[in-house]
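The numbering used here applies: residue 433 is where the sequence shown begins, and numbers increase by one.
Check each hint, because a few of them may be wrong.
Stated by the list, open to error - Cβ pair distances, simulated, as ranges:
no., residue 1, residue 2, range
1, Glu-609, Glu-763, 27 to 35 Å
2, His-621, Leu-772, 42 to 50 Å
3, Pro-726, Gly-616, 25 to 33 Å
4, Asp-771, Gln-628, 40 to 48 Å
5, Leu-574, Arg-645, 24 to 32 Å
6, Arg-482, Pro-726, 53 to 61 Å
7, Thr-738, Arg-645, 30 to 38 Å
8, Val-696, Thr-647, 50 to 58 Å
9, Gln-637, Arg-778, 48 to 56 Å
10, Ala-437, Asp-464, 35 to 43 Å
11, Glu-785, Lys-485, 27 to 35 Å
Read the hints as simulated data drawn from the structure, not as lab findings.
Note that the Cβ used here is the ideal one computed from N, Cα and C, for glycine as well.
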Amino acid sequence: MLTQAERGCLVIADISGYTGLLVSSELEHAQDALRDLIQAVVGQLRPQFRLAKLEGDAAFVYSLAESPDGQQLMDTLEGAYFAFRRRLDAISRATTCDCNACLRLPSLNLKMLAHYGSFVRERVFGTEELTGADVIVVHRLLKNSVVATMELDGYLLLTDACVAAARLGAQALGLIEHEEEVEGIGLVHGWVHNLQAAWGREQDQRRVRVSERQTAARLELDLPVPPPSAWQYLSAPDLRLRWQPGVMALTQDLANGRRGVGMVNHCVHGEGATLEEVLDWRPFEYSTLRSTMPGGAAFVSTTELTPTPDGTHILIRFQRPPSARQRAAMESMGPMLLDLYQQSLRRLQEVVESDVAESASAGAAETDAISA
């Protein structure tokens, strides 16, 4: 039996408007749409989160982490909302049915609640259940006043406990302060992120991606982890320092408190530094950077992540410089640059494979302890 208290992030993704859809629509069509939407959301939340339970029109998920990475948390939760909206739009466009369920689909939205705290995993009739006061908190926050006070149907409500654990700068991120009186718990302070506005920005953001036709050189490798984990290895400063040879320090000037377009990485190599400006940023899918090396030579590259049955395929495309002067500079530095990247990628593969092996060993030990 799992009785030891653990700490982690608790998240509920709840489809709003679905109950009204059920009571006034064809049940079979409504259920088909719900299944598609829930699968899209849960698929995006994995593997950062484990599915605890499907609760009607909601998914309850959790992660085990003493100090969750705030940037990855926001990217993952935003990504789940984007996946929901894309799937909803696709279903709405594809349907030719004029039943009430299909006609009312565009009225659906997604709200998300995120809390951090303690819980116990227990086996109940062969099924894992999460229990504890913090589990109650996140569930009772489903009934809140965000819609009434802010007129938002698509939002993320993060409790203070979650913001603190993930070390998020709530004000820098533009989050809206909010309080809820929770039955049996008392006053819960938190912050609201407008997911509808984030979705609008996602749609408006210009795509910058090195195409095959623009490619001067390319590098590829496969990692035994899913795209969200591979993305973290490629973007988190502490992880990059583990696999980039010669990089002594890496700092990030964040754009509006988040990793994304406009962010600048400072990669310090001895007395010099390479500056990486983010031109496009699609978490877990691809990113495009303009890298300026000591001395002024610059190049643009796109790193693409594609899920595979065994993990993630990574493809890096280096753009052919547009001017003759830039091409001449890159021709002289190109072999050295590619060799440096190849060294880095080999080291990245070693680090990831070592981490995966260590995690598998720890998981086996936990399974043995549970069985005992």
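Exercise. Which numbered hints turn out to be false for this structure?
Worked result: 1, 3, 5, 6, 7, 8 and 9
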